[in-house]
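Peer 1: Please model the complete structure; the sequences and the hints are all you need to start from.
Here's the letter readout for the chains.
Number of protein chains: 4
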Amino acid sequence: MSDETTARLLIKCSDCPGIVASVSNFFYNHGANITCLDQHSTDPEDGVFFMRLEFQTPNIDISRSVLEKTFAEAVAKRYNMDWKISYASSKKKMAILVSKYDHALLEILWLWSRKAIDADVTMVISNHDHLKTAVENFAIPYVTIPVNKENKLDAEQEILKLLDNKVDVIVLARYMQILTGQFVSHYPNKIINIHHSFLPAFVGANPYRQAAEKGVKIIGATAHYVTSKLDMGPIIEQDVIRVSHRNTMAELKELGRDIERNVLARAVKWHLEDRIIINDNKTIVFN
Amino acid sequence: MSDETTARLLIKCSDCPGIVASVSNFFYNHGANITCLDQHSTDPEDGVFFMRLEFQTPNIDISRSVLEKTFAEAVAKRYNMDWKISYASSKKKMAILVSKYDHALLEILWLWSRKAIDADVTMVISNHDHLKTAVENFAIPYVTIPVNKENKLDAEQEILKLLDNKVDVIVLARYMQILTGQFVSHYPNKIINIHHSFLPAFVGANPYRQAAEKGVKIIGATAHYVTSKLDMGPIIEQDVIRVSHRNTMAELKELGRDIERNVLARAVKWHLEDRIIINDNKTIVFN
Amino acid sequence: MSDETTARLLIKCSDCPGIVASVSNFFYNHGANITCLDQHSTDPEDGVFFMRLEFQTPNIDISRSVLEKTFAEAVAKRYNMDWKISYASSKKKMAILVSKYDHALLEILWLWSRKAIDADVTMVISNHDHLKTAVENFAIPYVTIPVNKENKLDAEQEILKLLDNKVDVIVLARYMQILTGQFVSHYPNKIINIHHSFLPAFVGANPYRQAAEKGVKIIGATAHYVTSKLDMGPIIEQDVIRVSHRNTMAELKELGRDIERNVLARAVKWHLEDRIIINDNKTIVFN
Amino acid sequence: MSDETTARLLIKCSDCPGIVASVSNFFYNHGANITCLDQHSTDPEDGVFFMRLEFQTPNIDISRSVLEKTFAEAVAKRYNMDWKISYASSKKKMAILVSKYDHALLEILWLWSRKAIDADVTMVISNHDHLKTAVENFAIPYVTIPVNKENKLDAEQEILKLLDNKVDVIVLARYMQILTGQFVSHYPNKIINIHHSFLPAFVGANPYRQAAEKGVKIIGATAHYVTSKLDMGPIIEQDVIRVSHRNTMAELKELGRDIERNVLARAVKWHLEDRIIINDNKTIVFN
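Sequences listed follow chains A, B, C and D, in order.
Mapping of the first sequence onto the numbering used here: residues 1 to 287, in sequence order.
Mapping of the second sequence onto the numbering used here: residues 1 to 287, in sequence order.
Mapping of the third sequence onto the numbering used here: residues 1 to 287, in sequence order.
Mapping of the fourth sequence onto the numbering used here: residues 1 to 287, in sequence order.
DEER-style ranges, computed between Cβ atoms:
| no. | chain 1 | residue 1 | chain 2 | residue 2 | range |
| --- | --- | --- | --- | --- | --- |
| 1 | D | Lys-132 | C | Gly-204 | 42 to 52 Å |
| 2 | A | Asn-281 | C | Leu-230 | 50 to 60 Å |
| 3 | B | Asp-118 | C | Ser-65 | 52 to 62 Å |
| 4 | B | Glu-73 | C | Ser-244 | 32 to 42 Å |
| 5 | C | Leu-160 | B | Asp-164 | 56 to 66 Å |
| 6 | A | Asp-280 | D | Glu-254 | 27 to 37 Å |
| 7 | B | Asn-279 | A | His-186 | 39 to 49 Å |
| 8 | A | Asp-280 | C | Arg-242 | 29 to 39 Å |
| 9 | C | Thr-42 | A | Asp-118 | 22 to 32 Å |
| 10 | A | Glu-68 | D | Asp-129 | 46 to 56 Å |
Cut-off 27 Å, straight-line C-alpha distance, at most; resulting in silico cross-link-like pairs (DSS-like, lysine-lysine):
| no. | chain 1 | residue 1 | chain 2 | residue 2 |
| --- | --- | --- | --- | --- |
| 11 | D | Lys-190 | D | Lys-132 |
| 12 | B | Lys-269 | C | Lys-253 |
| 13 | C | Lys-115 | B | Lys-132 |
| 14 | C | Lys-253 | B | Lys-92 |
| 15 | A | Lys-253 | B | Lys-282 |
| 16 | A | Lys-214 | B | Lys-84 |
| 17 | D | Lys-12 | C | Lys-214 |
| 18 | D | Lys-214 | C | Lys-12 |
Worth flagging that the hints you see were computed from the coordinates, not collected in a lab.
In this text, a Cβ means the ideal position worked out from N, Cα and C, and glycines have one as well.
Peer 2: Here it is as structure tokens:
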């Protein structure tokens, strides 16, 4: 099951009997070895059906393009499927946006350096130059694009130009600027943000301060796809940690930092491994 | 450290040097053996100081009333303390309000029956009669006071009359009626509610439905003191459990049920053991 | 997906390409609607393959017995499968063995009374009569069979006679007697025990004492199938809770009690829902 | 409460009435402001008493040495105390031993670089040179001392010479050599190891393999002080993570890695902040 031979199919369609049989038959008949199969239905009657198939390609009897074309005609059309096949050997391209905090960024880069996060990290873009050395130590280009009230839209244009529609995922590793809906519309369901609270609690600025003022006994972090609504996109992953009246705001931030970096790393990993399907404003995560 | 001999002092005052020394001296000099001491300061300069002292009474050289009077004059006055001494041998009186769900109620009663919750449960009051047999099996009186739109205020008056200002804590074990501010004002910081969400997320009705619609990956429960603002009183305890897209709403309720009953039981236990001090809209819990 | 119509197939065989396609085809062709499919392979090359299929029966075109016979011939034989089909409508029969502690027993019975545990509880057998009333309140027969050094084997014979080979699962809800290998051999992979430690740590007697003496910072509980080797059978489920130097042995037991009952309840539920396949001395749990 | 002014007193003695009063009086009378007080007794009658006092020094009326001498005579002698005062401004010296795995080491160094771990890291010693660049990027000396069967004792002598009795704590951040009792005897209760299992389960080599073969549903990590008995020293901290039949051995290692680094970091932090007192083969951790 090496990266050289692994492919993944994601499917979304109306549920009805026969889908699993049709799909598994198709791949078996063409020589694919199914090594993992996950499926979910919101309701067997009238619901939405989701499927993730991991298969090995060495003995497939046709080329990638023919396989996809044949699948489209022989299976996908019949069930009116929304579908996509990805190949682990074609690494996804990833850009990271960051401000001054290093923890989420360094976790991603460290996992990347040990191949636990499997992507081509094409660049890190920041509105500050604080983390330039840290990033360049990983031999990754670091571009500083300052942002202020006046140049916000220009800065976004500059970022879009740099990205050049060539990245498969943009990771906001504590990027402290709110992206415009216009920017987001270029990368629908491709921008992953880490918010430092257990959403939907504490939307917006200073969630640790909000948590301290509310006196919660548990704090959390949430990784989600970015939509035009602030902190409201589909949630990919969340985690929490217990706190108490003893913890100062500085300690909340310190404790939260560990949760943030782990939650973001898991979400990015799952995105890269094609484990996430979006259903309205929610996610199906086959992990 | 039996219940016969254990006493507890709770203190709240402005922080300044010397409080711990004064308090511990006072009790030592009167023959009390300090078996547990917890303290917290929001800020050593200008902050609020909180303390919980557990001490054993057998060798105390003066009566309870003289001890309290002497402490008031010799220590509390100097630091302008808000303070209270409780004796484990004087069990707190507890009433439970419940509707139809049995899980939170039965957990409390089961813990009570094995003396893990140490109180006199004087009565269970419900707006339905569903749980009458279950409660009476524990030899606890069960009173049904139906509530509807028309009689809501009358029903509250009837409950107040039953309670007769003689209970130290009212536990809302999934009581599905919103108490009026007028009712709450009779028992400030003495009514504990279990809300079936991780507050402040999902205030109000149907939090599991809200959670399902939002697509959160973790659900929770919150025990809090009841104030006149719905679901906004000081949080005592919270806990969470991981869920996924696979969980139906019925399963969310089933999973949440375990969290609800455990969180409520811990909060009630801490209240009964005088482990909670309220500071504005937050709690200090010495556990 | 009511209990009336749900069936479950469990499969274990050598892994090779085509199994998923063959199985899903077979059931689709006979009118079964697959509502859940889980599979696992220890290794796509040369490994062992496991599968759980949940399907709905209303539109199946042949009788249960013909379906099973046809599946055996058309599919199972080809892959040399170890397999079994269960029907949710045929409730499993369950007996519970218990000594004096009530927490694990009451949890199971409470879940059973609200249909969250779906079985026919045929009897509770105990070596003491302490819990007779509690059990009979649930309208379940309670049989006392005292055990001592002299009559141990006779007592086991008496239990076997009572069970009469008619139960599908025996739950040891803190039954403080070690069953002989001879007894266990009558119910292979059908006896579920809850051990009050995080196995393999603290095998045998007094695990909470062992934990306290070792000074662990976390205690746990383990549900496992019983084999002839004490506390060494396949682990079904485990969970843990954080403790500290402050916790007395009595508190460890109290904290552990909550973990024990939850872990045992999950294991029993999964067994009843045919979610567990045993592989050597380990379990595959499709949950 | 800056590091400049914070001091910490640790006490261990036989329990008897009056200790808290004596200690708090002493410090109050000399102008120390107590900002944190934790205490624990194994038994108020005949037990062992432990105490941690955090106090601020700016207004203390005597020098450090006079304070300590006076405390020894006025308080410690009376209760036959084992005690120690540390000053946050005198940073502890720390050496780290590591082999090839980088995760535990980098976590410590990363926390150190952001001052969340407050020590002077004097050197990193390794039996391999793999991590030389990574460590030198932090401007910390890296010394390679290869170890094999023949030179083991010589290598230990070399390490001892390098350390020169000048370090307050030695952190084994996945150092894959077993230290001799002779080496350990030079640094009693000053060597912290991270073992990659939930001790006492899976002592010794390859705990992840042992866990996989046993089929546990949860894996863990344990930070402990090193004694002459392998993996048997006083446990400081433990944590766990849920796993399943789906996880390969490689994934267990990957999941365990996160637990290992967090558990070790917490243990090291607590040691540096004088939060740990050893009682026989167990720890009291005031955190």
